[in-house]
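A.B. asks: Please construct the entire structure, taking both the sequences and the accompanying hints into account.
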Amino acid sequence: MSLKEEVEILRQIPLFAKIEPSKIKLLAFTSERLTFQPEDFVCEQGDNGDAAYFIMAGEAEVIVETPSGPLTVATLGKNDVVGEIAILIDVPRTATIKAKTELTTLKITKDVFFRMVTEFPEMAVEMMRVLAERLVRTTDDLQKAKEMIRNGD
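The numbers in UniProt numbering rise by one with no breaks, and the one at position 12 of the sequence shown is 12.
It cannot be assumed that every hint is accurate.
Stated by the list, open to error - DSSO-like mimics (lysine-lysine), calculated; alpha carbons at most 27 Å apart, straight line:
(1) K4 to K23
(2) K4 to K110
(3) K110 to K25
(4) K25 to K78
(5) K110 to K100
(6) K107 to K18
(7) K23 to K78
(8) K98 to K110
(9) K18 to K110
(10) K100 to K144
(11) K4 to K25
(12) K107 to K25
(13) K4 to K18
(14) K78 to K4
(15) K98 to K78
(16) K78 to K107
(17) K23 to K107
(18) K78 to K18
(19) K107 to K4
(20) K107 to K144
(21) K110 to K23
(22) K98 to K144
(23) K78 to K100
If you are wondering where the hints come from, they were derived from the structure by calculation, not from laboratory data.
C.D. replies: This is how it looks when you write it as structure tokens:
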């Protein structure tokens with residue numbers, strides 16, 4: 001995949017949609033494109049978060065460890081971002097990300113990510129929107145789980 005193709009894919013990601021092409025080109029140049037095969041781990045719960053991954057193609061499962069074993073809580077695809085929580089607040093990874101299909105990602109290190117968010121406040125606003133949407137989904141899922149437990153399902 002050429003740098004031009006990477007830039008075009010990045011422009012489709014809502015987080016980067018409002019950033020000028022020359023800056024996206026810099027982002028593509030300073031990041032690392034990685035390909036994972038099905039069942040490969042992108043990152044594992046508990047690891048230190050040193051980068052975020054933007055999914056350019058394929059699907060990945062989000063898996064959390066529970067007392068009764070691993071639980072898949074989401075499936076992510078093209079234009080989704082994973083790993084941003086660990087680099088935003090310096091906590092260990094909150095979930096394992098495993099390739100469900102062949103998965104192409106753009107790995108953006110913590111330093112590059114923060115430089116981009118600092119230089120482009122619209123990225124920070126978009127990241128807040130993405131995280132708020134996840135919080136709404138998680139809260140909804142938690143409420144449904146509580147109802148199931150309450151009803152003995």
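A.B. asks: Against the earlier hints, flag every one the structure doesn't satisfy and list their numbers going up.
C.D. replies: 20
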